[in-house]
Each structure stands twice: as C-alpha cells, then as structure tokens.
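Colleague: Taken in sequence, the protein lines are chains A and B. Sequential numbering of the first sequence, starting at 84, is according to our numbering. Sequential numbering of the second sequence, starting at 84, is according to our numbering.
Bear in mind the hints are in silico, worked out from the structure with no lab data behind them. Hints may contain errors.
Because identical chains share one entry, a pair is satisfied inside a single copy or across any pair of copies.
[What the hints assert, rightly or not] Restricting the straight-line Cα-Cα distance to at most 25 Å, the calculated cross-link-like pairs of lysine-lysine (DSS-like) are:
1) K151 x K529
2) K526 x K291
3) K141 x K283
4) K283 x K168
5) K348 x K168
6) K151 x K301
7) K151 x K526
8) K348 x K283
9) K329 x K311
10) K291 x K245
11) K283 x K112
12) K301 x K141
13) K112 x K245
14) K225 x K112
15) K311 x K529
16) K209 x K112
17) K112 x K141
18) K112 x K526
19) K283 x K151
20) K329 x K275
21) K112 x K529
22) K291 x K141
2 protein chains.
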Amino acid sequence: MKQADIVVVGGSAAGLTAAITARRHYPNKTILIVRQEEQVLIPCGIPYIFGTLEGPQKNLIPDAVLEKNDIDLLIAEATDIDREKKVLHTTEDQVGYERLVLATGSRPAMPPIPGFDLQGVFAVVKDVEYLSALDEWLETAKDVVVIGGGFIGIELGDEINKAGDKQVSIVEMLSHCLALAYDEEFCCEMEKVLESRGVKICTATKVKQIGGSGRVEKVVLSDGNEIKADTVIMGVGAVANVDLAKSAGLSIGLTGSIRVDRTMKTSDDNIYACGDCAEKISFFGGRPSPLKLASIATLEARIAGANLFGIRRENVGTVGVWSTAVGDFALATAGLTEAMAEERGYDAVAVTIAGPNRHPGLMPGAANTQVKLVFERNSGVVLGGQVMGDATAGEIINAISACVQNRMTAEEIAMFQIGTHPALTASPIAYHIVNAAEVAIGKMRKRC
Amino acid sequence: MKQADIVVVGGSAAGLTAAITARRHYPNKTILIVRQEEQVLIPCGIPYIFGTLEGPQKNLIPDAVLEKNDIDLLIAEATDIDREKKVLHTTEDQVGYERLVLATGSRPAMPPIPGFDLQGVFAVVKDVEYLSALDEWLETAKDVVVIGGGFIGIELGDEINKAGDKQVSIVEMLSHCLALAYDEEFCCEMEKVLESRGVKICTATKVKQIGGSGRVEKVVLSDGNEIKADTVIMGVGAVANVDLAKSAGLSIGLTGSIRVDRTMKTSDDNIYACGDCAEKISFFGGRPSPLKLASIATLEARIAGANLFGIRRENVGTVGVWSTAVGDFALATAGLTEAMAEERGYDAVAVTIAGPNRHPGLMPGAANTQVKLVFERNSGVVLGGQVMGDATAGEIINAISACVQNRMTAEEIAMFQIGTHPALTASPIAYHIVNAAEVAIGKMRKRC
Chain A
84 MKQADIVVVG GSAAGLTAAI TARRHYPNKT ILIVRQEEQV LIPCGIPYIF GTLEGPQKNL
144 IPDAVLEKND IDLLIAEATD IDREKKVLHT TEDQVGYERL VLATGSRPAM PPIPGFDLQG
204 VFAVVKDVEY LSALDEWLET AKDVVVIGGG FIGIELGDEI NKAGDKQVSI VEMLSHCLAL
264 AYDEEFCCEM EKVLESRGVK ICTATKVKQI GGSGRVEKVV LSDGNEIKAD TVIMGVGAVA
324 NVDLAKSAGL SIGLTGSIRV DRTMKTSDDN IYACGDCAEK ISFFGGRPSP LKLASIATLE
384 ARIAGANLFG IRRENVGTVG VWSTAVGDFA LATAGLTEAM AEERGYDAVA VTIAGPNRHP
444 GLMPGAANTQ VKLVFERNSG VVLGGQVMGD ATAGEIINAI SACVQNRMTA EEIAMFQIGT
504 HPALTASPIA YHIVNAAEVA IGKMRKRC
Chain B
84 MKQADIVVVG GSAAGLTAAI TARRHYPNKT ILIVRQEEQV LIPCGIPYIF GTLEGPQKNL
144 IPDAVLEKND IDLLIAEATD IDREKKVLHT TEDQVGYERL VLATGSRPAM PPIPGFDLQG
204 VFAVVKDVEY LSALDEWLET AKDVVVIGGG FIGIELGDEI NKAGDKQVSI VEMLSHCLAL
264 AYDEEFCCEM EKVLESRGVK ICTATKVKQI GGSGRVEKVV LSDGNEIKAD TVIMGVGAVA
324 NVDLAKSAGL SIGLTGSIRV DRTMKTSDDN IYACGDCAEK ISFFGGRPSP LKLASIATLE
384 ARIAGANLFG IRRENVGTVG VWSTAVGDFA LATAGLTEAM AEERGYDAVA VTIAGPNRHP
444 GLMPGAANTQ VKLVFERNSG VVLGGQVMGD ATAGEIINAI SACVQNRMTA EEIAMFQIGT
504 HPALTASPIA YHIVNAAEVA IGKMRKRC
C-alpha cells in the first residue's frame, strides 16, 4: 500500500493545478496524483488536433512539471474510497491519504438519439487513443456532421473543414451557435465567418435520428431535412464524472456535480473537489452554474490546493470568462450577456463600441473590434462584457474580467487608466472599454 | 466676438476628449475648440509617419468627430486670457466663455547642445508641415542620429531604419534605452531587437556637441566617440506649454506644468487644465509625476470635461500605463518597476513568469511572453507590472493595470478569473499574471 499526505485523483487542468498549488502552500507534504491516462491532453487544445496541430501527440501536458514540483504519479483507475480508513482503492494499489482531492473531470454528454451507436459516431472524449482513432477515421471522411454549436462544436467543425476535402455541417438546437454565452449579434458574426469558410450551419433544429445500417449514412433533423453524413461528432456538452464520489457517499449537488462549499471542501472534511466534477455557483446571484471550463477548473484547483490544511481562500463564484477563435476572428465573453442579465432579472444597460484595434486605423494588422459591456442600471456595476475582433480579444476580455470581478461601476471604468499604442491597441480617445462605460453613464442618467 | 459656454484651447488628445466628454455630460451647453493646427496629428502615431504609414496625412485625427458631437471649431492661436471678463483672446477673434479648458499640450525639449541650430537638426514637433519637411529631408539622409532612447526615440529610430538605406544610431544618456519605465532585463531585450534590425545603440553617454559647418556632419559624444551624421533628431522629452496659463497668472506646479487639483481645476475656478500641459501626481505616494502620455491626457480630459459645472470625478493619480513596439516585439508597463519601487522606498517583491502566449506552445503565432509583477511585501498589493511579448502585450498590460488600479493583492490576483484559449492566450495552468501572483505569495511568506 502506498501513502501520501495529499492524493489527487485526476491529472488534467484541475488535478495538476491542485497538486502544484498544494506544493506551493505545503512544501513539506508528500503529493501523489492518481490518473488513468498514460498521456494527458490539453483539454482546450483538442479541437486543434484535427487541423492546426497534427494529431494528439502535439497537444499534451508534459509530465516534466510533476518532477519539477516533486509530485509523484500513479497511473491507475481510482475505484473506491474508504473514507473511514482514508484509503483510496485503485486498479493498481491502495493509497492512504491525509487529504484527498477529486478532480475526476467530465465526459461528453451522449443524448440517446436513435442511431448514436452506429459506426462513425464519435464524441469528444479526452483520450489520446480515442482521438487518434477519430483523427484516422477523418482522413477518409467526406461528410461530417457536428451535433452541437457550442465552442467545442464550432472549433472542431472549423478545424476538420480545413482539410478542404469535406463538407462539414454543424447542427445546433438553439437559435444560434454559441447562444448560451453570447448575445445574438455576436453569434451571427461567428456564423457568418464559419459559413464564409465553407461550414454549413443548421440552427434552431434538433437531431431526430442518425440514420444508416451499421455505418452512419445521414442525420435526420426535426424539421424533416436530412444531411448526408459518413461521420457524426457529438459536441453537446459534458457530464461531471461523479461515480467515485457517489459510491463513496459524498453529497451531489443540483447540477449533478460534487457538492462543495466555498473552500472547495466536499461533505467529507478530508476530501476536496475541483474542476468539471465539482459544482459551481455563479458570481451573479449565487445559484448553481452549469459552466465547465479549464480556466474555472484551475481557479478552483488553486483554492482547493491552498485550503487542504487550513482555510486560505474562498470561491466568490464563477464569472465565466472564455474566448473562441475561428481563423483570425475571435470572440470572447466574461460574465453575463445582455440577454442573460435580463433573464435573471437585472435592469440591464448595454452599450457596444466598434472601431479598429490600432490607431490610426491605417496601421497594419488593424482589425475591426467590438466591445459590448452590460451594466446594472441602479448600481452602475458592470455585469459582463463581450469582445469581437482578432487575437487581442483574448486579452481584452481579461481586462474586462478584472473590472467584473472588482465589481467596478461604469464611472470607475470610465476612469480606467489604460495603456495604448498605435501598433497594439485602439486609440486613447476611442478605447472601447472606457468609451462603452462613458456611453452607458449617459444612458443610465437619462432614464433615471 | 464669439461666445461659448465651454471653450477648449487645444485640439489634440486632451482637448478633443475634454470637449467630447463635456458634450456627454452637458448636452445643452455650447462647446468651442480653439486650436492652431489646420490638421491634428495622432500624437502616438508620429514615429510611424516615417516608415509604416506613408507621411503625416495618414496619421490625422478626423474632424468629423467634432461635427458628430456638435462641437464648434476656431482655428487660431490663443494669445491671452482676460480672466475677469472671462474672455479668451486669439489671433482671429475674441471668445467669451463660462468655463475654459486648457489643453495646450507640450513641445519637444531642446537642450542647448552646441550645434543644435545646424541645418539637419530636427525635433519631434507635432505639426504636419514640420514633419512633412523632416520626412522629405530623410529621403536623402544616410546617417541619422536620434538623441534620446525613450519610446519616441526607439520607435522613430526603428521606423527610419526600415528604409534600409540609412545607418540609424540612438544615443541615450542613461544606462539603457527605456530605463525610465522598464527594469534592466526588459530594456536589454529591446536593445537586442533594435540591434538585430541594424540600429546602433549608444547608451550611458551624453551628446557633447553636434558638429558641422552650416549643416550637421557629426555628433560628438561625452566619451569622446564621434558618430557621422547628416541628420539629428532630438527625442529627449517634452516641456509643457504653459505660456498662456503663465501670462494669465495661473499657478504653475513643481514640474513646470499648470497646477491643478484632483478635479483638474486650476487656480481659477472657471479654468480647467488637462493633458501634457497639466501637472500630474503619481498614483503611488502622490508626488508630482513627470509622465506625459496621450492615455493620461485623455483620462484627465474625461475628468475635466465632466466637472465643468459641478464635481463628478476626481483624479486618483497617474499609474503610468503604456506600451511600445518594434517589429513583432512589444514591451508594456504599468505602475512601478522593481527599480522604481525600491528607489521610492517600497519593500518590493518581484516575480517574472515566462512562457508562450498560446497553448500548446506549438499553436501557430505563439510568442515567448514574459510578465513581471512587483508587489509591496507588507500589504501584498501589486505596484506594477511589465510585459514582453507580441501584440497581445498591449492588452495584457491593461488587465494588469486593472489590478493595479483596484489595488489588488497577490492573493486576489491569484484568484483572478481569466479566460484562456489555445489560439489566443497562455494556458490556464500557466497564465502569467496569475502564476506571478502565486509565486510572489510564496516569496512573501518565506521572508515573514
């Protein structure tokens, strides 16, 4: 039997970050990661395996970081937790622990669409072998249907489309791709970009059936249309892996994930959870949130890892910050969209500012950039932002996220001291974030 | 005689932004800008006139924004203020005002180096005709010496060097180019980039004399060396234009700029000042600050413009956020460097994190990126940050600036909810800003 002060189950973004954080905070403790995978994929990089990168081997988290941080590794499946004896059972060995961190992640949701078990139907499974097989299958594929137009669906669809010899279609049951995270005008721009690259978009329709005998031949939609298909990839979300937690009798939350408090502690004082397997609450209002993102996972891991032997950090709730890119076009979001804010009952004031991200606009590399900020009218506090532009959108959203997390008001954002440069940003006279706040102040004043 | 409720003297970044802000806050007031220039240059774009852009005409602030905001324009030189009668005298007409905003800007410093009046010696004068003449002169120039290795000096030097037929040298009296805004290791990287592009760098030496008979022939350095030169450009800083304010009897501050309070009001209750002509105080400690940047000017203008008929905003002091770029290489800074923090008496803890700004690092466009954060040991509050990387550095610094302005602690920054994407940012496990805070926490803990 092995023994470690801190045992982490799972070696992806959450597990690894929890272990590294534990090492930072508890330099004298022994730390062991137990994971199933020989090699760990970078989760957000998975869509890029099929185009930009050349296969799963180019998208791995190097294990060198374990040695560097004095973290031991056991490759095995965790099968059971003896909470009384504080022992983790695995397929290889038993492991005694002082503190256990569950970072068991999630697996793709597989809705029981008739035909989902046909040959040629895949999901985005975070497994090198599985994805290698999909990669190989795609070499001869001609008609690919991606079910689900969230960020995984559109990135995957676009990457597969890059080969140039396939017709890729994305089917989304909501009115627009990305509709859960962006306001309609942002979604429409992304759909236009995808279509201009040859990807077919079918929105506001469900998949009724995957047709074929033995192998996939077509996808039948609820509107009666059929799409020819030799490959179907499900990208309809993820389900928390809670089997281990459940069988150990840990509390499960409303979203089907492991219930944790703000310190990331589960219902067992010696067991913490973080990442896709752990329940999240929203930064806005505090209700459970279904978001699952690697960036949220690492934040929770930094909380869990620091708190193992004494509370040092608390989770203020998930803002939800992320970005997506297709070609040179990027979208990014933080917090609530205008539609989400209204749905939740906020009196929202939204302002969009458009303009180049260089100054003058004639500077090379200038891309049209739009920033939308959403404020709560009474307090003036910013609730969220969305950015549309080039690669810089991915960092502009982080500046916005800082404003959201500090619950800055429009007035405070109008006083934001930004740095600008002709070759790098919008002009100081027209900087999107600041001007959106200025315009919002005017709108809020008028309606008072 | 003309009359306007609000009269703004100066039409560049500060004046224009003050007028637009006044329009936002006081929709019923009449607003007039009085400026000397027929056409207004984008100040930060000036170095790019000589390479990337093709002449001053590609680097103008369009006057359409005036009409759009219902702002009148008088092209004339302001010559005197009759504060008692509230009348501005100009070379064209007299203008009565309720509130006057001085945004008279700055002019290049011209140290009395022997030979500074020779033909072929220029400065960075914000004037279309002057810069057109310099542009034309440079067509036949072969040996160009830029005196001053601040951001104007290095950008100008690199742009002129792009023509490929000139030897450009930059002379800087401090030990490194950019030494007033970056720690040494950042300055050295920029010097390497400039040298790799063929620009000669001479640091830690002053210019003793500009030699020649009639025309420039050489630059004589204090170390005895001589540099062949047919062109010399002075880029050694700027001096506030305060003649108008001085002759009107307004108070002048310690840095030679117009003294203002935190509302941007001068010693006259009806006169405000903003931009390069107005005195700044530092966000750190509150002493006068010599910084002059368009982004600071626009912030001050948003304060002045809002406060003209009642105090709405106060200036918390200048953080100092700006970036610079040479080719694909960018540097950005916010707040205090490690050296500045120590000089001012802070017990500084600095951490640098290096790594690609994509994940995996094999993603196309990945550039090595370094982020350095500086914290105050006792409080853990972040005092500043520096970024080295590609174009995204210009927005990463704005996320850091948000942290600085909110006086976030290392612990709060370690909990920063960032958005990440393979094609846009560093990985969530290795995001520079967050990890710098994590490492700093460890350093601060050890020394307690």
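Colleague: All the hints need checking, so say for each whether the structure fits it.
Modeller: Evaluation of the provided hints:
{"no.": "1", "hint": "K151 x K529", "result": "between (58 Å within a copy, 19 Å between copies)"}
{"no.": "2", "hint": "K526 x K291", "result": "neither (45 Å within a copy, 58 Å between copies)"}
{"no.": "3", "hint": "K141 x K283", "result": "neither (28 Å within a copy, 40 Å between copies)"}
{"no.": "4", "hint": "K283 x K168", "result": "neither (55 Å within a copy, 70 Å between copies)"}
{"no.": "5", "hint": "K348 x K168", "result": "within (18 Å within a copy, 71 Å between copies)"}
{"no.": "6", "hint": "K151 x K301", "result": "neither (50 Å within a copy, 55 Å between copies)"}
{"no.": "7", "hint": "K151 x K526", "result": "between (53 Å within a copy, 18 Å between copies)"}
{"no.": "8", "hint": "K348 x K283", "result": "neither (45 Å within a copy, 59 Å between copies)"}
{"no.": "9", "hint": "K329 x K311", "result": "neither (41 Å within a copy, 79 Å between copies)"}
{"no.": "10", "hint": "K291 x K245", "result": "neither (28 Å within a copy, 61 Å between copies)"}
{"no.": "11", "hint": "K283 x K112", "result": "neither (53 Å within a copy, 53 Å between copies)"}
{"no.": "12", "hint": "K301 x K141", "result": "neither (32 Å within a copy, 55 Å between copies)"}
{"no.": "13", "hint": "K112 x K245", "result": "neither (48 Å within a copy, 56 Å between copies)"}
{"no.": "14", "hint": "K225 x K112", "result": "neither (53 Å within a copy, 65 Å between copies)"}
{"no.": "15", "hint": "K311 x K529", "result": "neither (54 Å within a copy, 63 Å between copies)"}
{"no.": "16", "hint": "K209 x K112", "result": "neither (30 Å within a copy, 62 Å between copies)"}
{"no.": "17", "hint": "K112 x K141", "result": "neither (33 Å within a copy, 62 Å between copies)"}
{"no.": "18", "hint": "K112 x K526", "result": "between (55 Å within a copy, 18 Å between copies)"}
{"no.": "19", "hint": "K283 x K151", "result": "neither (46 Å within a copy, 41 Å between copies)"}
{"no.": "20", "hint": "K329 x K275", "result": "neither (44 Å within a copy, 58 Å between copies)"}
{"no.": "21", "hint": "K112 x K529", "result": "between (59 Å within a copy, 16 Å between copies)"}
{"no.": "22", "hint": "K291 x K141", "result": "neither (36 Å within a copy, 56 Å between copies)"}
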